[in-house]
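K.L.:
As a plain string of letters, each chain reads:
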Amino acid sequence: MAAPASAYKDRQFLAVIGDEDSVTGLLLAGIGHVTAPPDAQKNFLVVDSKTDNAAIEEAFDRFTTERKDIGILLINQHIAERIRHRVDSYTAAFPALLEIPSKDHPYDPEKDSVLRRVRRLFGE
Amino acid sequence: MATQKLSSDIDRMLEQYLQLLDTYTSLRSQLSVLQSSIHQNIARANFSADRGIRYGEQLYDARMQALRICRIAVDTAGVPEDAEPAPTAGGERMSITILPRSDSSPDSSPTTSPTQTTNENTTDTQKSPSKEKQASPTSETESEKPRPRDPLRMFGILVPQALRTAQTEAVKMVGDVVPKLVQLDLQMRELEIEIRRGRKRKAKAEALEVRMRDEGSVRGGAAGEEPGGMVEGLKV
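Chains as they are written, first to last, in full-length UniProt numbering: chain A, 1 to 124; chain B, 1 to 236.
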């Protein structure tokens with residue numbers, strides 16, 4: 001938290017890793033961004049049952065480590081569960097990570113990383 | 001006395017933490033409600049769509065530009081934003097806001113209600129030639145840069161009402177609930193660190209008090225034993 005404000009200044013985009021409907025909803029809100037060619041990097045990844053965990057991990061690394069323009073990463077809770085070890089070991093303040101519910105997988109407080117931290121704090 | 005003060009400090013922080021947790025859980029439920037509403041509306045739009053059309057990945061615009069961006073600022077108590085943040089964790093607070101992009105034209109903003117957007121669409125088409133005339137001589141370089149446009153347009157001009165409703169809900173979620181949740185998460189993290197530090201300090205202070213009490217009793221005991229010992233020695 002000690003980094004100056006200028007360190008976060010360029011982190012202006014939101015990224016999302018989610019199922020098709022979650023991504024569609026967020027793109028409707030206007031967060032979708034594709035960088036200029038030849039890179040044409042998207043700030044979203046649509047995950048379905050065929051997407052393997054390596055691809056999700058790669059996208060997670062890209063959004064959290066490689067790209068310096070992402071301020072918030074939204075990820076479906078059930079997808080975060082697939083790469084839980086990566087999500088739990090991620091401790092940086094920015095990009096901030098937020099797990100969101102999806103259509104087929106409603107929000108589960110047991111899996112929420114914030115509530116798990118709360119339980120740890122209270123010694124459970 | 002020191003341990004009492006530390007305990008009250010920890011209690012105060014825990015109280016604050018629980019308040020944040022309460023806000024977090026209520027925002028979480030808001031997020032769930034909004035998300036389910038968005039999913040419901042998208043499903044409704046897909047149901048009413050023409051055969052073979054699905055409002056999803058296939059129709060995404062490959063050159064889309066973000067309409068909403070997040071701003072991260074450090075709010076230090078009474079310190080200007082450009083200044084180096086205060087070293088204490090309690091003094092600074094990150095503020096996160098998600099706002100419409102300043103260079104995005106107001107007609108493409110999705111914040112307007114569905115009725116407004118339809119009205120604007122009609123006026124937009126009427127006004128567009130004159131606008132182009134005004135813009136073309138001054139900004140040729142700007143025209144090369146892809147301008148952000150209403151994300152609804154990537155799904156066509158005549159999109160179902162349900163998709164517009166989904167967009168309104170999504171805007172509310174992204175602009176209101178998500179930044180608050182992220183900010184709360186950061187505040188809770190900071191407080192957790194402070195609470196743990198406070199607990200450590202309290203444990204050290206308690207250990208010190210116990211040691212001092214033990215030393216005091218040993219000294220007192222030794223002082224009490226000495227005369228007896230001498231008396232015993234004299235007796236012998």
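No lab work stands behind these hints, which were simulated from the structure alone. Please read all numbers here as calculations on a predicted model, not as lab measurements. Be a bit skeptical, because a hint or two may be false.
Stated by the list, open to error - Below 20 angstroms or equal to it, Euclidean Cα-Cα: the simulated DMTMM-like pairs (lysine to aspartate or glutamate) are:
1) Lys42(A) with Asp69(A)
2) Lys111(A) with Glu81(A)
3) Lys204(B) with Glu194(B)
4) Lys202(B) with Asp214(B)
5) Lys200(B) with Asp61(B)
6) Lys103(A) with Asp214(B)
7) Lys42(A) with Asp61(B)
8) Lys68(A) with Asp48(A)
9) Lys42(A) with Asp150(B)
10) Lys111(A) with Asp185(B)
11) Lys9(A) with Glu20(A)
12) Lys50(A) with Glu57(B)
13) Lys180(B) with Asp112(A)
14) Lys50(A) with Asp69(A)
15) Lys111(A) with Glu209(B)
16) Lys103(A) with Asp48(A)
17) Lys42(A) with Glu57(B)
18) Lys103(A) with Glu81(A)
19) Lys5(B) with Glu15(B)
20) Lys204(B) with Asp185(B)
21) Lys5(B) with Asp176(B)
22) Lys42(A) with Asp52(A)
23) Lys42(A) with Glu20(A)
24) Lys68(A) with Asp52(A)
To be verified - Using C-beta positions, here's what the derived DEER-type ranges look like:
25) Arg120(A) with Met212(B): 42 to 50 angstroms
26) Asp214(B) with Asp108(A): 48 to 56 angstroms
27) Asp9(B) with Ala36(A): 46 to 54 angstroms
28) Leu115(A) with Met212(B): 38 to 46 angstroms
29) Ser49(A) with Phe47(B): 40 to 48 angstroms
30) Thr3(B) with Asp108(A): 16 to 24 angstroms
31) Ser89(A) with Gln40(B): 42 to 50 angstroms
32) Arg86(A) with Asp22(B): 45 to 53 angstroms
33) Asp39(A) with Gln58(B): 49 to 57 angstroms
34) Pro109(A) with Asp9(B): 23 to 31 angstroms
35) Met212(B) with Glu66(A): 53 to 61 angstroms
36) Arg201(B) with Asp88(A): 24 to 32 angstroms
37) Gly220(B) with Gly123(A): 47 to 55 angstroms
38) Glu209(B) with Pro106(A): 32 to 40 angstroms
C-beta: ideal position from N, C-alpha, C; glycine also.
K.L.:
It remains to establish, for every hint, whether it holds in the given structure.
P.N.:
Results for each hint:
Distance hint between lysine 42(A) and aspartate 69(A) is fulfilled; the C-alpha atoms sit about 12 angstroms from each other, no more than 20 angstroms. In summary, the hint linking lysine 111(A) to glutamate 81(A) is supported, as the alpha carbons are separated by about 8 angstroms, within the 20 angstroms threshold. A hinted pair counts as satisfied when its Cα atoms are at most 20 angstroms apart, and lysine 204(B) with glutamate 194(B) qualifies at roughly 15 angstroms. Taking the CA atoms of lysine 202(B) and aspartate 214(B), the gap is about 18 angstroms. The hint holds against a cut of 20 angstroms.
For the hint pairing lysine 200(B) with aspartate 61(B), the CA-to-CA distance comes to about 53 angstroms; that exceeds 20 angstroms, so the pair is violated. Of the pairs offered as hints, the one joining lysine 103(A) and aspartate 214(B) is violated, with about 62 angstroms between alpha carbons and a cut-off of 20 angstroms exceeded. A C-alpha spacing of about 11 angstroms is found between lysine 42(A) and aspartate 61(B), which places the hinted pair at or below 20 angstroms, so the restraint holds. Restraint check for lysine 68(A) and aspartate 48(A): the C-alpha separation of about 26 angstroms exceeds 20 angstroms, so the hint is violated.
This hinted pair checks out: lysine 42(A) and aspartate 150(B) have alpha carbons roughly 17 angstroms apart, not beyond 20 angstroms. Restraint check for lysine 111(A) and aspartate 185(B): satisfied, since their Cα atoms lie roughly 15 angstroms apart, inside the 20 angstroms limit. Taking the CA atoms of lysine 9(A) and glutamate 20(A), the gap is near 30 angstroms; set against the 20 angstroms cutoff, the hint is violated. The hinted pair formed by lysine 50(A) and glutamate 57(B) meets the criterion: a straight-line CA distance of about 15 angstroms does not exceed 20 angstroms.
Distance restraint check for lysine 180(B) and aspartate 112(A): the Cα-Cα separation of roughly 16 angstroms lies within the 20 angstroms cut-off, and the hinted pair is therefore satisfied. Pair hint lysine 50(A) plus aspartate 69(A) does not hold up; C-alpha atoms about 28 angstroms apart against a cutoff of 20 angstroms. A hinted pair counts as satisfied when its Cα atoms are at most 20 angstroms apart, and lysine 111(A) with glutamate 209(B) does not qualify at roughly 41 angstroms. Proposed proximity of lysine 103(A) and aspartate 48(A) is supported: the alpha carbons are some 12 angstroms apart, at most 20 angstroms.
Proposed proximity of lysine 42(A) and glutamate 57(B) is supported: the alpha carbons are some 12 angstroms apart, at most 20 angstroms. Between lysine 103(A) and glutamate 81(A) the alpha-carbon distance is near 15 angstroms, which keeps this suggested pair within the 20 angstroms criterion. Restraint check: the Cα-Cα separation between lysine 5(B) and glutamate 15(B) comes to about 15 angstroms, which is no more than 20 angstroms; the hinted pair holds. A distance of roughly 29 angstroms separates the Cα atoms of lysine 204(B) and aspartate 185(B); the hinted pair therefore is violated under the 20 angstroms criterion.
At roughly 38 angstroms between alpha-carbon atoms, lysine 5(B) and aspartate 176(B) are farther apart than 20 angstroms, so this suggested pair is violated. Our distance criterion of 20 angstroms between C-alpha atoms is met by lysine 42(A) and aspartate 52(A), whose separation comes to about 18 angstroms. Under the criterion of a C-alpha separation no larger than 20 angstroms, the hint pairing lysine 42(A) with glutamate 20(A) is consistent with the structure, at around 14 angstroms. Straight-line distance between C-alpha atoms of lysine 68(A) and aspartate 52(A) comes to about 25 angstroms, which puts the hinted pair past the 20 angstroms bound.
About 32 angstroms separates the C-beta atoms of arginine 120(A) and methionine 212(B), a value inconsistent with the hinted range of 42 to 50 angstroms. Checked against the hint of 48 to 56 angstroms, the C-beta distance between aspartate 214(B) and aspartate 108(A) comes to roughly 49 angstroms, which is consistent with it. A C-beta distance of roughly 52 angstroms is found between aspartate 9(B) and alanine 36(A), which places it inside the suggested range of 46 to 54 angstroms. The given range of 38 to 46 angstroms is respected by leucine 115(A) and methionine 212(B), whose C-beta atoms sit roughly 40 angstroms from each other.
Under the hint 40 to 48 angstroms, the C-beta atoms of serine 49(A) and phenylalanine 47(B), about 22 angstroms apart, miss the expected range. Between threonine 3(B) and aspartate 108(A) the C-beta distance comes to about 39 angstroms, which lies outside the given range of 16 to 24 angstroms. In this structure, serine 89(A) and glutamine 40(B) break the distance hint of 42 to 50 angstroms, their C-beta atoms being roughly 35 angstroms apart. The hinted range of 45 to 53 angstroms is not satisfied by arginine 86(A) and aspartate 22(B), whose Cβ atoms lie roughly 29 angstroms apart.
Evaluation of the 49 to 57 angstroms hint for aspartate 39(A) and glutamine 58(B) yields a failure: the beta carbon distance comes to about 22 angstroms. Between proline 109(A) and aspartate 9(B) the CB atoms are about 29 angstroms apart, so this pair conforms to the stated range of 23 to 31 angstroms. Between methionine 212(B) and glutamate 66(A), the C-beta spacing of about 54 angstroms keeps the proposed range 53 to 61 angstroms intact. Between arginine 201(B) and aspartate 88(A) the Cβ separation comes to about 28 angstroms, which falls inside the hinted range of 24 to 32 angstroms.
Distance hint check for glycine 220(B) and glycine 123(A): the Cβ-Cβ separation is about 36 angstroms, which falls outside the suggested range of 47 to 55 angstroms. Taken as a hint, the range 32 to 40 angstroms is violated for the pair glutamate 209(B) and proline 106(A), whose Cβ atoms sit roughly 50 angstroms apart.
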